[in-house]
Each structure stands twice: as structure tokens, then as C-alpha cells.
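Asks: One-letter residues, chain by chain:
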Amino acid sequence: MTREPLDTGADLRELVERLYPLCRSITGDGVRATLEILGEHIPLDVHEVPTGTQVLDWTVPQEWNIRDAWVKDPSGRKVVDFRESNLHVVGYSVPVAETMPLADLREHLHTLPEQPSLVPYRTSYYAPTWGFCLAQDTLDALPNGDYEVRIESTLDDGHLTYAEHVVPGEVTDEVLVSCHTCHPSLANDNLAGIAVAAALAQRLAARKPHFTYRFLFMPGTIGAITWLARNTERLGKVKAGIVLACAGDPGSPTYKRSRRGDAEIDRVLEFVLAGRPHKVLDFSPYGYDERQFCSPGFNLGVGSLTRTPYAGYPEYHTSADNLDFVSTEAMEDTLATLGEAFSVLDRNRRYVNLSPYGEPQLGKRGLYDSLGGRSDAKTAQMAMLWVLNLSDGEHSLLDVAQRSGLPFDSVVAAAHALQGAGLLKE
Amino acid sequence: MTREPLDTGADLRELVERLYPLCRSITGDGVRATLEILGEHIPLDVHEVPTGTQVLDWTVPQEWNIRDAWVKDPSGRKVVDFRESNLHVVGYSVPVAETMPLADLREHLHTLPEQPSLVPYRTSYYAPTWGFCLAQDTLDALPNGDYEVRIESTLDDGHLTYAEHVVPGEVTDEVLVSCHTCHPSLANDNLAGIAVAAALAQRLAARKPHFTYRFLFMPGTIGAITWLARNTERLGKVKAGIVLACAGDPGSPTYKRSRRGDAEIDRVLEFVLAGRPHKVLDFSPYGYDERQFCSPGFNLGVGSLTRTPYAGYPEYHTSADNLDFVSTEAMEDTLATLGEAFSVLDRNRRYVNLSPYGEPQLGKRGLYDSLGGRSDAKTAQMAMLWVLNLSDGEHSLLDVAQRSGLPFDSVVAAAHALQGAGLLKE
Amino acid sequence: MTREPLDTGADLRELVERLYPLCRSITGDGVRATLEILGEHIPLDVHEVPTGTQVLDWTVPQEWNIRDAWVKDPSGRKVVDFRESNLHVVGYSVPVAETMPLADLREHLHTLPEQPSLVPYRTSYYAPTWGFCLAQDTLDALPNGDYEVRIESTLDDGHLTYAEHVVPGEVTDEVLVSCHTCHPSLANDNLAGIAVAAALAQRLAARKPHFTYRFLFMPGTIGAITWLARNTERLGKVKAGIVLACAGDPGSPTYKRSRRGDAEIDRVLEFVLAGRPHKVLDFSPYGYDERQFCSPGFNLGVGSLTRTPYAGYPEYHTSADNLDFVSTEAMEDTLATLGEAFSVLDRNRRYVNLSPYGEPQLGKRGLYDSLGGRSDAKTAQMAMLWVLNLSDGEHSLLDVAQRSGLPFDSVVAAAHALQGAGLLKE
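Protein chains in written order, with UniProt numbering: chain A, 1 to 426; chain B, 1 to 426; chain C, 1 to 426.
By construction, these hints were calculated from the structure, which means they are not laboratory data. None of these values were measured; they are calculated from a predicted model. Do not rely on the hints blindly, as some may be mistaken.
Chain B stretches covered by chain A per the calculated footprint, using a threshold of three residues with CB under 8 Å from any CB of chain A [to be verified]:
(1) 355-367
(2) 379-392
Straight-line alpha carbon distances no greater than 27 Å define the calculated BS3-like cross-link-like pairs of lysine-lysine that follow [unchecked claim]:
(3) Lys378(C) with Lys239(C)
(4) Lys364(C) with Lys378(C)
(5) Lys378(A) with Lys425(A)
(6) Lys378(B) with Lys208(B)
(7) Lys239(C) with Lys279(C)
(8) Lys279(B) with Lys208(B)
(9) Lys279(B) with Lys378(C)
(10) Lys279(C) with Lys378(A)
(11) Lys279(A) with Lys425(B)
Glycine included, every Cβ here is placed at the ideal spot set by N, Cα and C.
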């Protein structure tokens, strides 16, 4: 099956725009529709896990679907309408068909008093309730009287849906890229991340990568927990990972370290981001699914890449996280950053100098400029000397690049030249 | 026996004032009188160690007592008088009853030329001599002629006196609080320390502490050496300790690290003092009895808390270290600081997350707010997530508080809640 | 045989001036003549290693000697003349006797276009070629026409020549001081280094040193590789070393760390240089023969001392590195710095406190001021307390000096006093 390429920023934006209207939650048909569209770009293994399945300390909940929902004021006018924005209904709201005075209704209405024109995003996955989200301005304008309330949702035994996409590498050791797929009409959080991940998968497949890259599209928390529960034996193969979210807002990139703090992925991302505006944060057990990957029992080398970090922008979890908030350039930059990071990760080997006593004579192997006395040693020669000096089995090429200050590509080229001359082995 | 409470700053000041006139030294009745007054507030085990007892590399010296001492000028006027201030006599002066010209007397007179109005504090415990201390101004005004000199002291076989007070805890592991009791009329050094220690013992007893707290009131150097020599087998039980001195001057607190530098007591004191004016000093083998506790053979986790550090104020070891120099507020603050530090120390446990794979579902245990989507995670919830994430047996609750930036009390409360839910064990 | 003393800066300068005109290379009679003059000051073991000898990854090359070389312009005037400066001939030039147009000759001419008045220094040890070095200004003035070119050199089987000088110490553990001897008329690089090394050897011999000091005078790269190949079994005895170069330029001292970065020699040099203008650089695998000593297989604790570092001054490897560039004061300062460094190294022992439980009673051993109460503890007493406290077998006297902030000499004196009193053993 031919897949649609995601080659340009416009392609990324178009994908985000198609996914935006869908009403996603941690289960349900909105997720399935999302994965179907995504499947037009990259092949997906879609997993359906039945309600009631025990996953680690959790249980897969009932499946939630919603057809319609609204609130009518005493005059019969729809003042809150799910069809206008799926943010208007609290996620996992149980069905309701009642008429009640405004005072009673208020207990089910959520607003943002400090951002009175915005609609908040709220959910209640594990406590059966119902509710509507609306602008404080809307609420303030509601007259007293009896309101008709309708939520046409279903909460039944069904499935939790997530998908995997694998880019096979030279080795079966894996790098995870995980995106949450459970947020409804929130563009940066996380449609931008989903789009960037899909484009990244296409680019990785185009170059045969060293590691195997496994992309995970799954609902936050319960999805990661489900995947971890079902893949415990695979985890020994996981060498690194990135939780990708908020990939499109106009802020500069933020890397949040894994719980280990000095995992290889941490060093790679910090290396790639150095020299440009960015932030590096220490791990904290809050945010996206790095919480699960970095729980102490797993403690995987998984960090998180965002633009502005989790909950760090006023549009976060509001109706202002819309298509206007997402920048094509930011998505392209996030994509390029991860492309570069994985290129470093893929080539970051440890070598052993096979001629470690004194310098080997590079000149007789054609690796060294023959005319001595000049002080302008070339980058290529310096890179060879550095690789030889630090290739003691303990230092990686990233170590060499960092200690020498030389470009990573030069260090890799030097290692390959030296390996070609029989002076280095992996 | 009912003990007098030391509840208020006024109580602390009154105790300092009662102790101030007594002529203490490393042995003798001044120490006994001091301990008797102290015993009105906390029960004391008073130990009398005979002269000649070998203690580590040292020998308990003869006991020194003094009834009177003076210098009369050629006109018969007392120009230096022990009864005015016990600082006037060099500690451990041998008896003398002579008449001598001023020129000869000068060799026995000690002044502070740069602080000409102050009387210095001097001792000569281990070299038999005698001497007087006086203001340079006084010395400068002395006429030539013959001076009558009298020191009515005794240096005989007797005892070295020190006292212990124990606040029993849940466990027999001990925390030491050590104060030197050998200085005569010097208020900050160390009557303020003695008073604060006694009040601290009362407060600790009022809350049943986790550790057993052992308070030591003993002469500097020889007292600590004597206690260490007699308690070598107990030292394995000593988890931490504080040498408390200069607890009442107006300076901000100074914590001097143990020789280890990263002992638990070091981390606790630095944590408690953070965010307010204070100093932290590295260990040095000079100062108070931390010198002995931190000698390389013992190397105990014992730091030192003072206000202005040892020898760091111009009043140090002079007649200006008097009752006016000691601030009630400073004593109260020192008391509060140690109370807080020991409260942290007592609760600074290491836990193990019993559900370490992924996050446990806090919501179903009533530990987590059910409404999702909001970004204002509460302190209590963050504390639970942090405790779960770091409870791998390696991190203590203090580690959690420091890494998370959350209040220690919140972290402890989270640990207790999680333990109550069966998610954590100690 | 009596050796000429190098007592004064004038002696150092005179030695540099005598060595300056000689045409040194990595082999040949210029090196031998250099060592002969050096031998007037310190006895040398001169080693001759035959051409073709395998040394580590390298082979000792043919021996190069040169009698004369010149270029005559179309009018028969010598425009480049080896007899004016040996820098005019590319080192290891094969013999040539040809006439050729300027256009063809240009391929064999080396200049420094950005320093048009200076003659560069160039070599081609391992690729047979020939060439001349000249000022860009000279080149620009050459008329077109046919040039007569003559290099009267020989490249034959012969020997590589290097020399050793040993100052025996109390122990056979060795400290290396290595100087390259292969540069022709370049004064700072490395005649100043050779002169300073010779004077240092004389001074070390005058005080019986603790370590055995081995001075190596050998051609760069191939010389160090030859020595290492022939002394592999000795290397276990090498406790430290310094590669000494550029010892006379007016810059302040630069210490380049060994590959280990925290070898004892690194700590000693940083200690000695602290508090005066200087630079400390991390190891890099480029520069002088520290490249070989610090190759990963050997990884010796060998750093490098220069004034302005390798290639760090515009006169580097040009005719401007002449006698005027070398400062007598700088050579004296380099000599003094190394003298002090080796004095610290020689005395930097680890001791064990034989009375580690509490402080030993210094007073009864006459080591402590008997009058107590004063706050101005003397340096000698503080040094004794520090040495006792840190002499746990893990800390060296340099550690004590650094942690205490006390002068190293005071710390050493304290250790000797304590050892004399039976309180310390090595």
C-alpha cells in the first residue's frame, strides 16, 4: 500500500487540520478515526485491548463514545453545543437527559475565570460523572431558569485502542517515540506531536537506521501503562526513547531529561540542542508518559521533547490551543531536531584503538598530511587523533565530539577512516 | 522530680544569667554547680572521672578550684580582683602568694592591646603556671613599685565532671548534642549553648522522637576525649550529632560540616537553613569538640552549629562576651533551628515503592483528584508522585524534598498516605 | 668530568645561543652536535638507534644530513641560502641539482603569505620530496627565468640519536622530563626548553631528590616513540612526567593536563601555579610528545609545561622564533616553577595518624602552645591539626595543603614534627 508522504511543512499542517475536529478520548471511535487517517501516511499495527484487562496496577476502562451533547437555556436556545467544539463536554461524561435550574446545573459547569473567553479541557475517566466546559463569559450571560441538558454518550465494555509503527534497523535494539492520542480538539497537545512523529518515521525509513525505531500512538497514562504491561519482555531491548508532545507551539525546544538524568538519550539531545535557544529540564514525575516509562521499576532512558513544556503556556488545555496556535515552522524544527538527534544516536558507537601504544603512523596509511611544521592541523586530522586517543572502550564518539569540540560528523568520519585502515574496531 | 520548664526566651535568659557568675573550668566545683542548676531543668547523669585516668592519648588532670585571687598595687589597692570577674585569673593557675616588682609581675599579666578596655580569657591546663588577665588600660595605669599577688587555688587529685541527659526515642540509634561547660563568665561561649540544649531536650521529650537524643555537657577537649574513651562501644549507634556553641550572639546561624562533608546531619542542616541568612563552612580541625568527634579514627557524622562561628566575633574570649552580648531572640532561633533539623532527621526515611512499574492508580485509592485536565496539580499530589518515583530504596525523603522542591512536611505526609494505601514500605 | 654550571639566566641564554645555529632534525649530525654541547653541562647517555628499527607502529627512518643548499636566480645571485638560515630548507629534503623555470620551482617554495617577512619552518620526514622556505616578500621579488637549485643533502641508513640523563633519587620510581631536540634554528621551540631542562637537572642533583628524575632529549614523535618502545618495561616505574617546550617566550606559564586529568603531576602543577598569572588546559592529543606518553595504551601521568602554548604565538614555527624572542627572565621563571613543582612532588607523601582516636595531646610532646584561650592559632599548630585529621592513608600532604589553605612547606614541616613525635607513619 502506498502511503502519503509528509515531506513539507504544509503536509504536516494539513494532517493536523484533518485530525483537529475529531473527538478523541482515552478510548473510542475518535481514536480509531485518528489512527485511520494516520495510517494513510505510515502503516500501523492497531491494537484493541478489551475493557477489564488488568494492566499493571490499572484496569482498562469501559469504552466511551459520544454522539451529541448540548445545554438549552430557558428559551430553548443551545448555549453549549458539543457540535461546535468537542471541548464543551467533560471527557467520559455519562449520558444525561434532564432539565434543571441553573443553580443545579452550575455544579456541572467548568470555566476558566481568569481566562474568561476560553473553554477549558476537562475529563473524568475514572469517576462516573458528567459535565460541560464553557467560557466564563458565556456562563456569566446565562439567565436564571430551567435548562435542558443532554449528553448522548455511551460507556460500555469495549476496547482501548493504540497503534504501533516500527521502522526496522540494522539491530533489534529499539528506540521508542511515544505520542499521546487521547486529547480532542487541542492542536499543539498533541496533534502536532502526532504529525511530527509520522513524518519522522517516514524519514527514518528512508535512511536505513541503525536502531529499530518503534512509534507508539496511544492514550496518555492508561495507554502507556497498557503498552508497558503487554511489552515487559521487550523492554530490555529499549535503548532510548522520546515522549513527543507539544511539538508545534512557537516556543523554542525544551528537553526534559529521563529519570536517570545521564542516559544516552539525555546526552544526545543536550548535544544536539546546544548552541541554539532551548531549555533542558530535570526529570519530574509529572507531564506526559515519561512518567510511566521512567517509573522506578522500569527506569528507561526515555526523555521528553516539547516546544514550550507541559502546562507552560496559557493556551494549554484550553480552546486557544487551536490550529492558529500551531506553527508550521515549529513543527518542521521539531522534526529536524529529532532527525538530527537520532542520527547522532544511531552513530554513537564505542571503538577500541588497536594500536594504542603511541600514535599509529597515520602518514604511511595515507591518513595524514605529509608536510610537517604547519600549525593549522585540519579538522579531519584532529578528529582522527582524538578518536584514537579516546577509543579505549569507555568513550563513545559523542564523548569524543564533546571533549574535542569537533563536529560529530567529523568524528564519525574519522572513526570510519581509522576503522577502514584497521586501526580501530567496534 | 518535677523539672523547671524552659518554655520562653525569658526562661533561657534567666538560666544563662544564673550560670554566668560561676567560675567554671575543665574540672572543679564551678562545673558541678553549673550541672546542679541545669539539673533543675533536665535530669542529668553526672559522671566523675578520677584524676590520672587514661583517656585515649590523654590523662585526666588534677582538679582545680579557686577561692580568691587578687593583685594589690604598691598602695595596697586591689587593681585586679577575681571577685569582680573570674576572667581575671588564668584558668588552672597554681597558688601564689608573693610580692614582686611590676616588671616581674608583667610576665604573668595578659592583656589585649588592640582591645584595651577588655579582659582576655586565658588558661594553662597542662603547663603549671599562674597569671592574671586584665584590660590593657588597667595595665597602662599601674604605677611602678612592688605588687602583692595572691591566688588561693588548689590543684589536687580529684575528678573531671561531666553530665549526660538522654531523651529516649523509638529506636536506640543515637543523635548527640554536645556542649562545652568549661568556660567561666563567657555568656555566648557557651552558656547560651547550654541553655538552648536544655530547652531542646525538653522539647524533644515532649514529642516522642524517633532517634534517641543524648545530650552531653562536658569540658572542651578533655571532656569529649573522656566521653569518647568511655563510650567507644556506643559509637556504632551514633547516627548523627551536633556540637552546639555560641548559640546566642546576634549573628545569623553558621553550620560547620562534619569531616565527612556529606553526612546526613550535614544535609539536614543545610536543608533547614536554606532560604534564610546563614553560612555553611567546611570542616576544619579547629573549633569546638567536633575536632574530637571528627578525628579520623572516629569520623562521626557530627557537625557544629553556632551563630557567628568560633573566634569570629571581637567579643570572643573576652569580658565583652557578657550577658549583654547574648540575644534572647538568637537563642530562640537557634532552638527553633535545631528543633526543625531534628524533626527532619527523625522523619527522613527511605521507602520502597511496592508498585514500581508504571504509576499506581492513585484515584481508585482515593489519593488523587478525579477531574483531569487541570494544570494546577496540588502539592499533595505532586508529593505522592515524587515519593513514588524516587522510592527505590536509594533516596530518602530529604532527597525527595530537595529534588522536587516540595516542603519536607508534604513529602512526609505523602509517604504516610502511600504507606497507608499499601503502596510503600519502609 | 667537571660539568659547566648553568647557574644564572646568562648561562641559560648562552647555552641557547650556542645551540641556535645548528641544523637539527629528527636524525643527523645536528642532533649529535647539540647533545655534545649539552654534555658539557650534564652527563648524557647517548643512544643511537639504527635506521629500520621497528618502534611500536613506526620504523626508524633514514638519517638525514645536509651540507649546503641554495637557489640562484637567473642572474646567478643566491636568493635563498641555507647558510643564512637552516630554516630555508624543508627538513629531510632529498638532494637536488637542477635548473628550472620559476613556475616549476614555485611548487617547492613555502612561504607565509600572512606574515610576508618571515620564513616558515617545514619538514617532510616520511614523504621523499624537497623544498625551500622563504619570505613571501622574497618570493614576490623574484624575476621570471630559470633558477639553479641545489640541495646537498644525504638520506642514508644511519641512526636516530637521543640522550638520557638520570638524577638518581632515594627511590627508583621515576619522573620524566622530556624535551624535543629536532627543531633547527627555533629558539623558544625548543632550545629554551633544552636549556631549562639541563639547568633543572643540575639543581635536582644538588638536592638529593626523592624520586629519580630521568631527562629525555629526543626528536619529537619518532624519538618519544622510540624511547617508549625501548623502555616499555620501565614505564611501571614512571610516576609522573613533564613534556617541556617553549620555555622562554614572554608569556605566562601554561600547564596542559595529562590525559588522566587528575594525575598527581596535574594537581602539583596546578597547585604551584595557583595565585599567579597562568593557564591550565585540558589534555588534547596534539602538541608535543605528551601525545605519545598519553596515548591510551600508556596513559602516563605526563603533562606539558610551556609558556605560551603550542602554536599559540605568531612567531611559532617561523624565523621570528629567534634569539630575540626568548626572554632570560621567562627561562628562569620556568626553571623556578619546575623546581618548586618537583619539590612538592618529592615531598607529597601520604601518612597515617597513629593516634587517630581524638586528637593526640600535642602539648605533652612539646608540639603545642601551652597557653589556651587565644584565637590566633599559629600556622604550625593548624598544620599539625590538619595533618593529623587528614592522615588516614587517603589524603596526601598536597590534599592537606589544599583543603587547609596552608602553605605546603608548613604542612610538610608539621608532618615531619608529628612523625618525629611518633604520631605519624608514612
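Asks: If a hint holds in the structure, say so; if it doesn't, say that too.
Replies: Verification of the hints:
With 9 residues having a beta carbon nearer than 8 Å to a beta carbon of chain A, the segment 355-367 of chain B meets the requirement of three or more and the stated coverage holds. Counting residues of the segment 379-392 of chain B whose beta-carbon sits less than 8 Å from any beta-carbon of chain A gives 8, enough to reach three: the coverage restraint holds. This hinted pair does not check out: Lys378(C) and Lys239(C) have alpha carbons roughly 34 Å apart, beyond 27 Å. Taking the CA atoms of Lys364(C) and Lys378(C), the gap is about 18 Å. The hint holds against a cut of 27 Å.
Using a Cα cut-off of 27 Å, the hinted pair Lys378(A) and Lys425(A) holds, with the two alpha carbons roughly 24 Å apart. Taken as a hint, the Lys378(B) and Lys208(B) pair is broken in the structure, with Cα atoms around 30 Å apart against an allowance of 27 Å. Taking the CA atoms of Lys239(C) and Lys279(C), the gap is near 23 Å; set against the 27 Å cutoff, the hint holds. Taken as a hint, the Lys279(B) and Lys208(B) pair is broken in the structure, with Cα atoms around 30 Å apart against an allowance of 27 Å.
For the hint pairing Lys279(B) with Lys378(C), the CA-to-CA distance comes to about 24 Å; that is within 27 Å, so the pair holds. The straight-line distance between the Cα atoms of Lys279(C) and Lys378(A) is roughly 24 Å, inside the 27 Å bound, and the hint therefore holds. For the hint pairing Lys279(A) with Lys425(B), the CA-to-CA distance comes to about 36 Å; that exceeds 27 Å, so the pair is violated.
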